[in-house]
Amino acid sequence: MTTETRTTGFWGDAWRRYRRRPLAVAAAAFVGGLVLVAILSPAIAGTKPVLCRYKGRIYAPCLAYFARDLEPAIFARDRFRGTYPRNLVEKDPESWAVWPLVFQDPYRSVRADEWPGLPANPARDEGRPSRRNLFGTDQAGVDVFAKMVHGTTIALLVGFVSMGIAGTIGVAVGAVGGYFGGWIDMLTSRITEIVMCIPTLVLILAVIAVIEKPTIWHTMAIIGATGWTGIARLTRGEFLRLKESEFVLAARAAGAGPARIMLRHILPNALAPVLVPITFGIASAVLLESSLSFLGFGPPPPTASWGSILNDARSNLAMWWLVVFPGIAIFLTVLAYNLIGEALQESTDPRLREARK
Amino acid sequence: MERASRKDAAGRSPAWAAALLLLGVCVGCGRRESDPLASATAEPAAVQPAANQVARAPAETPPEPFDPPPLATLDRDATWIDRPVRDGMALLREEQARQTAPASVAEALALENDSAAANATILAALGRLPEPGEADLAARVDRHVAGDLGSTNPIMISTSAEFDILGLTGFGLFSFDRRLEPFATSDTVVSWQTSADGLLDKVVLRDDLVWSDGKPITAHDIAFTYRVIMDPRVPVPAVRSGTDQLRWVHAYDDRTVVFFHKQPLATNVWNVNFPVLPKHVYEKTWQDDPTLKDSPEHVKLELAPVCGGPYKIVERQRGQQIVLRRRDDWSTVRGRQVRDAPFFREVRFRIIEDPNTTLLALKSGEIGEMVLLPEQWTTQTKGGDFYERNTKVTAPEWVSFHFGWNIDTPFFADRRVRRAMTYAFDHDAMLEKLCYGLYEPATGPFHETSWMAPKKKPVASKQDLDKAEALLDEAGWTDHDNDGVRDKEINGRLVPFEFTMLVNQQPLRVAICTLLKENLDQIGVRMNVRPTEATVLQQLTQDKKFQAYHGGWGAGTDPDTSDNIWATGAGRNYVGYSNPDVDRLFEEGRREFDRAKRAEKYARIQEILQDDQPYTWLYWRNSFYGFSKSLRGYVFSPRGPYHYSPGFGSLWMPRQE
Numbered sequence: 001m002t003t004e005t006r007t008t009g010f011w012g013d014a015w016r017r018y019r020r021r022p023l024a025v026a027a028a029a030f031v032g033g034l035v036l037v038a039i040l041s042p043a044i045a046g047t048k049p050v051l052c053r054y055k056g057r058i059y060a061p062c063l064a065y066f067a068r069d070l071e072p073a074i075f076a077r078d079r080f081r082g083t084y085p086r087n088l089v090e091k092d093p094e095s096w097a098v099w100p101l102v103f104q105d106p107y108r109s110v111r112a113d114e115w116p117g118l119p120a121n122p123a124r125d126e127g128r129p130s131r132r133n134l135f136g137t138d139q140a141g142v143d144v145f146a147k148m149v150h151g152t153t154i155a156l157l158v159g160f161v162s163m164g165i166a167g168t169i170g171v172a173v174g175a176v177g178g179y180f181g182g183w184i185d186m187l188t189s190r191i192t193e194i195v196m197c198i199p200t201l202v203l204i205l206a207v208i209a210v211i212e213k214p215t216i217w218h219t220m221a222i223i224g225a226t227g228w229t230g231i232a233r234l235t236r237g238e239f240l241r242l243k244e245s246e247f248v249l250a251a252r253a254a255g256a257g258p259a260r261i262m263l264r265h266i267l268p269n270a271l272a273p274v275l276v277p278i279t280f281g282i283a284s285a286v287l288l289e290s291s292l293s294f295l296g297f298g299p300p301p302p303t304a305s306w307g308s309i310l311n312d313a314r315s316n317l318a319m320w321w322l323v324v325f326p327g328i329a330i331f332l333t334v335l336a337y338n339l340i341g342e343a344l345q346e347s348t349d350p351r352l353r354e355a356r357k
Numbered sequence: 001m002e003r004a005s006r007k008d009a010a011g012r013s014p015a016w017a018a019a020l021l022l023l024g025v026c027v028g029c030g031r032r033e034s035d036p037l038a039s040a041t042a043e044p045a046a047v048q049p050a051a052n053q054v055a056r057a058p059a060e061t062p063p064e065p066f067d068p069p070p071l072a073t074l075d076r077d078a079t080w081i082d083r084p085v086r087d088g089m090a091l092l093r094e095e096q097a098r099q100t101a102p103a104s105v106a107e108a109l110a111l112e113n114d115s116a117a118a119n120a121t122i123l124a125a126l127g128r129l130p131e132p133g134e135a136d137l138a139a140r141v142d143r144h145v146a147g148d149l150g151s152t153n154p155i156m157i158s159t160s161a162e163f164d165i166l167g168l169t170g171f172g173l174f175s176f177d178r179r180l181e182p183f184a185t186s187d188t189v190v191s192w193q194t195s196a197d198g199l200l201d202k203v204v205l206r207d208d209l210v211w212s213d214g215k216p217i218t219a220h221d222i223a224f225t226y227r228v229i230m231d232p233r234v235p236v237p238a239v240r241s242g243t244d245q246l247r248w249v250h251a252y253d254d255r256t257v258v259f260f261h262k263q264p265l266a267t268n269v270w271n272v273n274f275p276v277l278p279k280h281v282y283e284k285t286w287q288d289d290p291t292l293k294d295s296p297e298h299v300k301l302e303l304a305p306v307c308g309g310p311y312k313i314v315e316r317q318r319g320q321q322i323v324l325r326r327r328d329d330w331s332t333v334r335g336r337q338v339r340d341a342p343f344f345r346e347v348r349f350r351i352i353e354d355p356n357t358t359l360l361a362l363k364s365g366e367i368g369e370m371v372l373l374p375e376q377w378t379t380q381t382k383g384g385d386f387y388e389r390n391t392k393v394t395a396p397e398w399v400s401f402h403f404g405w406n407i408d409t410p411f412f413a414d415r416r417v418r419r420a421m422t423y424a425f426d427h428d429a430m431l432e433k434l435c436y437g438l439y440e441p442a443t444g445p446f447h448e449t450s451w452m453a454p455k456k457k458p459v460a461s462k463q464d465l466d467k468a469e470a471l472l473d474e475a476g477w478t479d480h481d482n483d484g485v486r487d488k489e490i491n492g493r494l495v496p497f498e499f500t501m502l503v504n505q506q507p508l509r510v511a512i513c514t515l516l517k518e519n520l521d522q523i524g525v526r527m528n529v530r531p532t533e534a535t536v537l538q539q540l541t542q543d544k545k546f547q548a549y550h551g552g553w554g555a556g557t558d559p560d561t562s563d564n565i566w567a568t569g570a571g572r573n574y575v576g577y578s579n580p581d582v583d584r585l586f587e588e589g590r591r592e593f594d595r596a597k598r599a600e601k602y603a604r605i606q607e608i609l610q611d612d613q614p615y616t617w618l619y620w621r622n623s624f625y626g627f628s629k630s631l632r633g634y635v636f637s638p639r640g641p642y643h644y645s646p647g648f649g650s651l652w653m654p655r656q657e
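If you're matching them up, the sequences are chains A and B in order.
Going by this note's numbering, the first sequence opens with residue 1, and the numbers climb by one from there.
Going by this note's numbering, the second sequence opens with residue 1, and the numbers climb by one from there.
Mixed in with the good hints there might be a few duds.
[Said to hold, decoys possible] Heads up, simulated EDC-like pairs for lysine to aspartate or glutamate below, C-alpha to C-alpha not over 20 Å straight-line:
1) B/K467 <-> A/D125
2) A/K91 <-> B/D466
3) A/K213 <-> B/E498
4) A/K213 <-> B/D479
5) B/K517 <-> A/E212
6) A/K213 <-> B/D543
7) B/K488 <-> A/E212
8) A/K213 <-> B/E518
9) B/K488 <-> A/D69
10) B/K545 <-> A/D69
11) A/K55 <-> B/D483
12) B/K284 <-> B/D231
13) B/K544 <-> A/D113
14) B/K544 <-> B/D408
15) B/K382 <-> A/D125
16) B/K467 <-> B/D479
Derived from the structure by calculation, the hints contain no laboratory data.
Using the sequences provided together with the hints, build the complete structure.
Spelled out as structure tokens, the structure:
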């Protein structure tokens, strides 16, 4: 009768136990929702059509929000000047367009009559949340909802990219050290300890001051390049433990080389505990990015980032909408990652599993 | 003697002062006039004699030894013309005696500053000097500075914070009133005469002046300080500019000092004005340690300087606060009161960098004054939490901000491109939204209300994207490769119009640059905004390693101080501007003594600069100050409420009943 559970395997087993935790499932769904928002951000809030037909061809100007160069040049040539609604109709009466759900731009204030009949965004401290500006506007009149929707990309990227880098380095260093042992282990362990001593925040500030055009990618690279130590230590421990196990011995007896044993045999078995610090790492990377933006060292303006909205609030706390909305978003995101991490830990740890039973 | 007046506490800041402020403002203006940052490398921009237009490097060699003729020969050969010796405080009293206050103090204190009329009432009622016995002479005032001192040595003065503090502790012969008219101050000078040929200035000092260590202040201190300032080994950040126009300074006796000029210039009245060191303290040590700060003796002096002004430094906590105390031996010498004592017994400077924290400190009564940012003025200081303890005032100030275009880059070499940038920018959105409608548009280096500005009022720049695009097309910047970005073939290579704008991290300035980025994006020009730490920004602009930057300049006491921004190859000519006409006009302006004729030269310079647009001028940042309700006597000049005579000296606190 036990065959059924056995066939689900380790990961299936873990997933089954993960599913039993409603909070963790909600957290995973939340992160999934964020991914969707990030991918669809130009369709949710923007001033460029998602799709439009102009002079006989179909374009997607909204892609400019992902990369500036993706905006079709024809609109620059025809002097649209970033204002689509009127120009499309005036310059080609045959044209049609699919507009984003919310006509607001994350980088600039919407001008008066840009969307026929609508006034300009309120600026200064007058931009309270309203039907037009769901989350209000900042001092320059930029819509906070649009900023937050587009800022989701950064919040997600920072976590995944930096922990992707950290995970790769950490697993590689830990695996090599743990598997080979001896002087190699000695060397990798010392390197790990040295890197642990580097204060990430200070390093980021220093690098931003030095490089010509600092972008969010530099920040991610630094968080990744310094945040792998915990992962390396865990991986090393797992490898130390597993390399003595019977299945490794069997693989070695069958003539498998070290690379094959490490990647094919040990790593899949060591991955579960390693996932946990990565998840927590994502949470702390999101927080770090927000702190950096809050301090004014985030991605270059006018890149929308949750932390930078908080920073705008500092000069006028009466503009509560600049605090509340990004604050909630950061809080929920970090909480979600932490919940996922905790659930992963408990659903993959055999000892906890025994205890639960 | 109840009646106390303080002259010239902060007013000794002549031509070089202007220059320093310039730099300071350029990088760190938002918080305060200049901040700690400017201290890094305020490079002296020397103005060379007429014959040598190109070489404008700082003096590398000390002046040739000079054998001054005997005083009798000078007196025989020269025709001396008496120059004004005045008391800044008395001048202000006279001015105020002619005015009547529109409201009582109580009425003014009850007002909220929400209109021009309210502002004028508050300024007139609270700006008055005290009646005899009205001021609390035991009071302490808590002032705010946005950065620590780089040095307490007066000849190292450079940043606005150093001005605020060393202006009170330093000794000087000259000053200027709130119309920037120079005079010798009667606190320290008996007589000032200039020779008819304009090549000599003779000053006779008072005999009742002492340093804070009790030694007399003499003419020898002044001659000695000149030699120290002009020694290239001494790292003087700013004061050498102007002083280097002197041929020599010689003390004939303890009280008589003569300044020998290289040429008769209208700017000589500013060149004779430099801070003074105590000779008896430094003469033995400065040759061994020309840095004036490394040797043990100098380290000790840095902590407890010997001061010649009305205040001395009694406490210094780095990055926290600096406390000054009134020197009784300044006003009372040999048991006799010889000049009026300053109103405050103690001046405490709190060092707070963050503007939001500063405002909290003002509201809680921890500090008594601060500069308010537009957002603070409009949204943070209108409620009871502010007016409970404080009030606020505004007045015009000659500090302007701009985008500087590096003319040595392929982008901005063409005047049409620079004009296109000015047309592309949404000036109205900046003034109305970002600056809360508080700042006035700027169109050139000289303030409209100044004597050197053109009579014809310039038209404020407005956004005109059609004109901007037409100018760019004309200059050859069109979209050749059809990628939506303008480009131009330069040396056989297609260069896209994408450049980086350097800016201080202050939020308002970043917002202004972001606005320009969006405006340029509309016409196919890509701009990256790079917020940069203040000292890095300063270094990059000085080294000309930039394409464009956003910064500002404070006005000097004389329009000639702008020469080091616009003259070919000048020290602060970061944008690489060069126009022989401008060079010539500055030269002529310096040699012209008639104010009206001088004004024509500078007006012409302003017009040429407006045509050439090496800068896109943005706005004049007027003075916006919050003051504690217990303070009185603030009067504003084009250089703010402090940096002239009497400046800070006119502030006082009423006696508690």
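Verification of the hints:
Taking the CA atoms of B/K467 and A/D125, the gap is near 33 Å; set against the 20 Å cutoff, the hint is violated. The straight-line distance between the Cα atoms of A/K91 and B/D466 is roughly 17 Å, inside the 20 Å bound, and the hint therefore holds. Distance check on the hinted pair: A/K213 and B/E498 sit about 12 Å apart at the alpha-carbon level, within 20 Å; holds. Between the alpha carbons of A/K213 and B/D479 the distance comes to roughly 24 Å, so the proposed pair goes past 20 Å and is violated.
With a C-alpha separation of about 18 Å, the suggested pairing of B/K517 with A/E212 holds against the 20 Å cut-off. Distance check on the hinted pair: A/K213 and B/D543 sit about 18 Å apart at the alpha-carbon level, within 20 Å; holds. Our distance criterion of 20 Å between C-alpha atoms is broken by B/K488 and A/E212, whose separation comes to about 23 Å. As the CA atoms of A/K213 and B/E518 are separated by approximately 18 Å, the hinted pair is consistent with the 20 Å bound.
For the hint linking B/K488 to A/D69, the alpha-carbon distance of about 18 Å falls within 20 Å, and the restraint holds. Restraint check for B/K545 and A/D69: the C-alpha separation of about 27 Å exceeds 20 Å, so the hint is violated. Proposed proximity of A/K55 and B/D483 is supported: the alpha carbons are some 18 Å apart, at most 20 Å. With a CA separation close to 15 Å, the supplied pair B/K284 and B/D231 stays within the 20 Å bound.
Using a Cα cut-off of 20 Å, the hinted pair B/K544 and A/D113 is violated, with the two alpha carbons roughly 42 Å apart. Of the pairs offered as hints, the one joining B/K544 and B/D408 holds, with about 9 Å between alpha carbons and a cut-off of 20 Å not exceeded. Straight-line distance between C-alpha atoms of B/K382 and A/D125 comes to about 13 Å, which keeps the hinted pair within the 20 Å bound. Note on B/K467 and B/D479: the hinted pairing holds, with a Cα-Cα distance of about 17 Å set against a maximum of 20 Å.
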